[in-house]
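*Asks:* Single-letter residue listing:
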Amino acid sequence: MKIRLQEDVLKDQNLAAAFNRETFKKNHTLVINLMSSPGAGKTTLLEETIKALRNEFHIAVIEGDLATDLDAERLRSLGVKTVQINTVGGCHLDARMIAKTLPDFELDTIDILFIENIGNLVCPSGYDLGQDYKVVVLSVPEGNDKIPKYPVMFRRTDVTVINKIDLLPYVSFDLEEAQINLEEINPQAQLKALSAKTGEGMEEWINWIKDAYRQCTKP
Amino acid sequence: MHEMSLMSEIIKIVSEDARLHGFSKVDSIVVIVGDLSNVLPDALELAFFHFRKQGLGMLDENTEFEIIREVAKAKCQTCLFEFTPDYRMALCPKCMLPNCLLVSGETFRVESYEGSDEL
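Going line by line, the protein sequences match chains P and V. Quick note: the first sequence, position 74, residue 74 per my numbering, numbers continuous. To convert, count from 1 in the second sequence and add 219; that's my numbering.
A hint or two may mislead.
Straight-line distance between alpha carbons at most 30 Å, and here's what the computed DSS-like set of lysine-lysine pairs gives [what the hints assert, rightly or not]:
1. V/K272 with P/K11
2. V/K292 with P/K11
3. P/K26 with P/K197
4. P/K51 with P/K192
5. P/K149 with V/K294
6. V/K292 with P/K100
7. P/K210 with V/K294
8. P/K81 with P/K2
9. P/K2 with V/K292
10. P/K25 with P/K100
11. P/K149 with V/K231
12. P/K26 with P/K149
13. P/K197 with P/K210
14. P/K100 with P/K197
15. P/K149 with V/K313
16. V/K272 with V/K313
17. P/K192 with V/K231
18. P/K26 with P/K2
19. P/K2 with V/K313
20. P/K218 with P/K51
21. V/K272 with V/K231
22. P/K2 with P/K25
23. P/K2 with V/K272
24. P/K192 with P/K81
25. P/K25 with P/K149
26. P/K149 with P/K197
27. P/K81 with P/K51
28. V/K272 with P/K210
29. P/K81 with P/K25
30. P/K11 with V/K313
31. P/K210 with P/K100
32. P/K26 with P/K51
33. P/K81 with P/K218
34. V/K231 with P/K2
Just so you know, the hints here were simulated from the structure itself, not pulled from any lab data.
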């Protein structure tokens, strides 16, 4: 007998994401899902972002990596509560993994939770974690063709951060071309060009986060 | 590459529903995979053969698996032109404005299955 099921394969994942979203909302926690290829500078960007925000906000981090807690240690040294998820080969974080870590946090005391996803421009794009915003970090040595090559990722993100702009004189990366490429894939996306290392452009990024926090905690 | 876990999710969804219907065997499964879903049909099929060999859920050696591809389609919100997009998914090839929305290509769902009770 044939049964027409028509059920989303990621149904359980989407339920878990909805649960996370509800939990974050109840606790007035802004949640940012940070994605990139390996080495684009997510952790350095997070370190500098935390330094700029920690006097004003209570911040926590969920750190995803295949192995080790090297990144988590870097962030803990800034005095930020960080929970490490090791996926042991898994290529992305999913909503159920995030849900399992939530009891480790006192969410009602946390203003902003950053989730640092696994370094990968493919798989993490398909998984809703229950975040408020998806941010993808692209560093200039990776080249302009990253945006056209991974359109699904860039289409599904709210903000594209172009990192390491201090290296622009040494590599063939064109910011204007990146802006055009992004607009052809995702006209709603915002682009923030910065260098987490030198601090150039950081202010605009930090202000965006502060605005996002105000939006998310509005009654 | 997470097609193994996606395939085990598919078998879980089908087996749970088959149990509710009182079936003891799943004869075939049909899934729809969109071109922009980031799911690799070949890898999904390989995972299916692996799980079929193991007899996971209500699968046996005769269970069939079919993948229907869903092509990507985008529609311009300005001139209403519908087209198959390249990577520039928001760009209309006709009026050249980046004002298009995807209308298909992201689907990933279990469409149907056949169950029987012939033990």
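*Asks:* All the hints need checking, so say for each whether the structure fits it.
*Replies:* Evaluation of the provided hints:
1. V/K272 with P/K11: 26 Å, holds
2. V/K292 with P/K11: 23 Å, holds
3. P/K26 with P/K197: 35 Å, violated
4. P/K51 with P/K192: It holds: about 18 Å lies between the C-alpha atoms, which stays within 30 Å.
5. P/K149 with V/K294: At roughly 21 Å apart (the allowed maximum being 30 Å), V/K294 and P/K149 satisfy the hint.
6. V/K292 with P/K100: At roughly 37 Å apart (the allowed maximum being 30 Å), P/K100 and V/K292 break the hint.
7. P/K210 with V/K294: 35 Å, violated
8. P/K81 with P/K2: The given pair, whose Cα atoms are some 51 Å apart, is violated under the 30 Å limit.
9. P/K2 with V/K292: At roughly 29 Å apart (the allowed maximum being 30 Å), V/K292 and P/K2 satisfy the hint.
10. P/K25 with P/K100: The given pair, whose Cα atoms are some 17 Å apart, holds under the 30 Å limit.
11. P/K149 with V/K231: Between P/K149 and V/K231 the Cα gap is close to 33 Å, so the pair fails against 30 Å, i.e. violated.
12. P/K26 with P/K149: 38 Å, violated
13. P/K197 with P/K210: Within the cut-off at roughly 21 Å; holds.
14. P/K100 with P/K197: With a Cα-Cα distance of about 33 Å, the restraint between P/K100 and P/K197 is violated, given a limit of 30 Å.
15. P/K149 with V/K313: Roughly 23 Å separates the two Cα atoms, so the pair holds.
16. V/K272 with V/K313: 50 Å, violated
17. P/K192 with V/K231: Given that 30 Å is the threshold and the Cα spacing comes to 42 Å, the pair is violated.
18. P/K26 with P/K2: With a Cα-Cα distance of about 43 Å, the restraint between P/K26 and P/K2 is violated, given a limit of 30 Å.
19. P/K2 with V/K313: 43 Å, violated
20. P/K218 with P/K51: 25 Å, holds
21. V/K272 with V/K231: 16 Å, holds
22. P/K2 with P/K25: Not OK: P/K2 and P/K25 at ~41 Å, beyond 30 Å, violated.
23. P/K2 with V/K272: This hinted pair holds, its Cα atoms lying about 23 Å apart.
24. P/K192 with P/K81: Measuring from Cα to Cα gives roughly 26 Å; hence the hint holds.
25. P/K25 with P/K149: 34 Å, violated
26. P/K149 with P/K197: Answer holds: P/K149 to P/K197 is near 26 Å, not above 30 Å.
27. P/K81 with P/K51: 14 Å, holds
28. V/K272 with P/K210: 53 Å, violated
29. P/K81 with P/K25: This hinted pair holds, its Cα atoms lying about 20 Å apart.
30. P/K11 with V/K313: 36 Å, violated
31. P/K210 with P/K100: 27 Å, holds
32. P/K26 with P/K51: 26 Å, holds
33. P/K81 with P/K218: Holds - the C-alpha atoms of P/K218 and P/K81 are around 25 Å apart, at most 30 Å.
34. V/K231 with P/K2: 17 Å, holds
Violated hints for the displayed structure, listed by number in ascending order: 3, 6, 7, 8, 11, 12, 14, 16, 17, 18, 19, 22, 25, 28 and 30.
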